[in-house]
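J.: Each chain, letter by letter, is given below.
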Amino acid sequence: MTLVPLAQLPDQPTLSEVLGFQLTGLIVVFGALATLWLVLELMGVFFRRRQAQKTIKKQPVAKARTKAAEPPAPAAPAEDGLSPVTVAAVAAAVHVALGGRPHRVVSIRASNGSTSWAAEGRREHFSSHRVR
Amino acid sequence: MIQNLIDFYHTTGFSQLNLPMLVMWGIAGVLLYLAIAKRFEPLLLVPIAFGAIIANLPTRGMITVEETTPGVYQSATFEIHTDVLETRVGEDGQVESQTLRVTEMHGGLYDFLSQGIKLELIPPLIFLGVGALTDFGPLIAMPRTLLLGAAAQAGLFLTFFSSSFLGFTSKQAASIAIIGGADGPTAIFLSNKLAPELLGAIAVAAYSYMSLVPLIQPPIMRLLTNHKERKIKMKSLREVSKLEKMIFAMIVMVLCVLLVPDATALIAMLMLGNFLRECGVTERLVKSAQNEIINVLTIFLGTSVGITMRAESFLAPATMKIILLGVVAFAVSTASGVLMAKVMNLITPKNPVNPLIGSAGVSAVPMAARVSHHEGQKYDPRNYLLMHAMGPNVAGVIGTAIAAGYFISVFSG
Numbered sequence: 001m002t003l004v005p006l007a008q009l010p011d012q013p014t015l016s017e018v019l020g021f022q023l024t025g026l027i028v029v030f031g032a033l034a035t036l037w038l039v040l041e042l043m044g045v046f047f048r049r050r051q052a053q054k055t056i057k058k059q060p061v062a063k064a065r066t067k068a069a070e071p072p073a074p075a076a077p078a079e080d081g082l083s084p085v086t087v088a089a090v091a092a093a094v095h096v097a098l099g100g101r102p103h104r105v106v107s108i109r110a111s112n113g114s115t116s117w118a119a120e121g122r123r124e125h126f127s128s129h130r131v132r
Numbered sequence: 001m002i003q004n005l006i007d008f009y010h011t012t013g014f015s016q017l018n019l020p021m022l023v024m025w026g027i028a029g030v031l032l033y034l035a036i037a038k039r040f041e042p043l044l045l046v047p048i049a050f051g052a053i054i055a056n057l058p059t060r061g062m063i064t065v066e067e068t069t070p071g072v073y074q075s076a077t078f079e080i081h082t083d084v085l086e087t088r089v090g091e092d093g094q095v096e097s098q099t100l101r102v103t104e105m106h107g108g109l110y111d112f113l114s115q116g117i118k119l120e121l122i123p124p125l126i127f128l129g130v131g132a133l134t135d136f137g138p139l140i141a142m143p144r145t146l147l148l149g150a151a152a153q154a155g156l157f158l159t160f161f162s163s164s165f166l167g168f169t170s171k172q173a174a175s176i177a178i179i180g181g182a183d184g185p186t187a188i189f190l191s192n193k194l195a196p197e198l199l200g201a202i203a204v205a206a207y208s209y210m211s212l213v214p215l216i217q218p219p220i221m222r223l224l225t226n227h228k229e230r231k232i233k234m235k236s237l238r239e240v241s242k243l244e245k246m247i248f249a250m251i252v253m254v255l256c257v258l259l260v261p262d263a264t265a266l267i268a269m270l271m272l273g274n275f276l277r278e279c280g281v282t283e284r285l286v287k288s289a290q291n292e293i294i295n296v297l298t299i300f301l302g303t304s305v306g307i308t309m310r311a312e313s314f315l316a317p318a319t320m321k322i323i324l325l326g327v328v329a330f331a332v333s334t335a336s337g338v339l340m341a342k343v344m345n346l347i348t349p350k351n352p353v354n355p356l357i358g359s360a361g362v363s364a365v366p367m368a369a370r371v372s373h374h375e376g377q378k379y380d381p382r383n384y385l386l387m388h389a390m391g392p393n394v395a396g397v398i399g400t401a402i403a404a405g406y407f408i409s410v411f412s413g
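Chains as they are written, first to last, in my numbering: chain A, 1 to 132; chain B, 1 to 413.
For the record, the hints were derived by calculation from the structure and aren't laboratory data. Glycine included, every Cβ here is placed at the ideal spot set by N, Cα and C. Errors might be hidden in some of the hints.
Capping the alpha-carbon separation at 16 Å, the derived lysine to aspartate or glutamate pairs in EDC-like fashion look like this [to be verified]:
| no. | chain 1 | residue 1 | chain 2 | residue 2 |
| --- | --- | --- | --- | --- |
| 1 | B | K228 | B | D135 |
| 2 | B | K245 | B | D380 |
| 3 | A | K54 | B | E239 |
| 4 | B | K245 | A | E17 |
Now the stretches of chain B that chain A is said to cover, found in silico as 3 or more residues with beta-carbon under 8 Å [what the hints assert, rightly or not]:
| no. | segment |
| --- | --- |
| 5 | 131 to 144 |
| 6 | 166 to 176 |
| 7 | 393 to 403 |
Not close to chain B: a few residues of chain A, all C-beta gaps over 10 Å, as computed [what the hints assert, rightly or not]:
| no. | residue |
| --- | --- |
| 8 | G31 |
| 9 | A34 |
| 10 | T86 |
| 11 | H103 |
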């Protein structure tokens, strides 16, 4: 089939001219998006590799942090009567709160009688408003 | 006394009302019903419908220029079309005087607002907002869905074929065909360039079908897929970094502009909006593009399009043909996307795509993606297709802009 050159399609085209025009258009659209697909795949390969390398570099540090974040041992819960699940949850919360900084959980105690929670609530509440 | 009342009646707008105007009120009423009661694309259909009512009222100073004193017309900008009845040429061969008959006179508020369309300003600026609102992450994470966006453009080319054989000129056929892309700003941009006389009908058809995506697409999707295919769960998308998204915006712009320079205004603004969003240091500009700019322009675009729906031009056989061709374009685009997904599954059966996301290749963002998601959940409530469907959905926006650029490059020369 002879493709109709651009800018030469008449106002009332013949069947073959219309078919040629359509085919060219589809080739243009598919060609453009397929090229983008190829470029994005290549870009994806590069960025996935980069991400993998970053992960490898971070691993030793992460291991050390994990070690540091580990609670004293299951022995402590046994003494205090806390279940391993509670200890794990507290250790995870501490890890998140400290943003992954090295730390060691030495003791877990109930905050009975303490006003810390109320103080924290008030601080958050007041910090959510701008004082004029 | 009675004569005075009759004279007064003739000065009112009531004396100028006619049946076609009332029919247009009915059409505008249907659009308002769809927008308000059914919540179908209300942001666009409400201004369009309201503009259509204004266009079919005997307004003053809205569409025509006001004559302040006999022979003196005042307006910031107006356009007068005339026939030359007589030309007097002097002895030196210079034209001394001409007698003109005014055939058309545009001006007033509408003329101001519609400059945004006539000068092709509003559609690209809306694309700036669309870019600022769009997350291309799902497309970058799963680039093969670009093929679904490309396949959905098949409806455009098939409709061009049908339109040509229904008596429309090539330029008009191209403008009608773009309805299949389900991209309102692109449809307006293209029809203003190639067939401004059909702008109203094309814009109404495009936005109406975009609003009817949840009704038009599901039956086609169900017809072309089986139960097992609709339950396909796709692999989770990888996380895409900001750097990747910025590079993507640049690459798409450069590549598309090099390929179809006529689509520059649309693609460049789309990617500018997206780059502003992804670079992370232009928060104020992004907020403006996402909210104030796109909202103000949507009001002006909608009413300007609505005001083109005057009874004498809208109630014509051509409009009915455009409405019919529009739904064909839309249906074929939907079907092409679904079928392309099935073809991809034949080629890569180990990493299949759910064919329901193929229909999202039409660029009605994010409605088409939402429809794919809802259809998928009907067959498996734990199947979340939304983010997967956003890939072909945004690919469709790029595909439609490229197709529009191709049409312009062929016909505007």
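J.: Now look at each hint and say whether the structure bears it out.
T.: Here is what the structure says about each hint:
Restraint check for K228 (chain B) and D135 (chain B): not satisfied, since their Cα atoms lie roughly 30 Å apart, outside the 16 Å limit. At most 16 Å may separate the alpha-carbon atoms for a hinted pair to count; K245 (chain B) and D380 (chain B) exceed this at roughly 31 Å. Between K54 (chain A) and E239 (chain B) the alpha-carbon distance is near 14 Å, which keeps this suggested pair within the 16 Å criterion. The straight-line distance between the Cα atoms of K245 (chain B) and E17 (chain A) is roughly 40 Å, outside the 16 Å bound, and the hint therefore fails.
With 5 residues having a Cβ less than 8 Å from any Cβ of chain A, the segment 131 to 144 of chain B passes the three-residue criterion, so the hint holds. Residues of the segment 166 to 176 of chain B lying with their CB closer than 8 Å to a CB of chain A number 3, which satisfies the three-residue condition for coverage. Counting residues of the segment 393 to 403 of chain B whose C-beta sits closer than 8 Å to any C-beta of chain A gives 5, which meets the bar of three, so the coverage hint holds. Interface exclusion of G31 (chain A) from chain B breaks down, the closest Cβ pair being 8 Å apart, not more than 10 Å.
With a closest Cβ-Cβ approach of about 7 Å to chain B, A34 (chain A) is found to fall inside the 10 Å limit, against its non-interface label. Against the 10 Å criterion, T86 (chain A) stays outside the reach of chain B, whose nearest CB is about 31 Å from its own CB. Taking the minimum C-beta to C-beta distance to chain B, about 27 Å, the non-interface status of H103 (chain A) holds against the 10 Å cut.
Hint compliance for this structure: hints 1, 2, 4, 8 and 9 are broken, all remaining hints hold.
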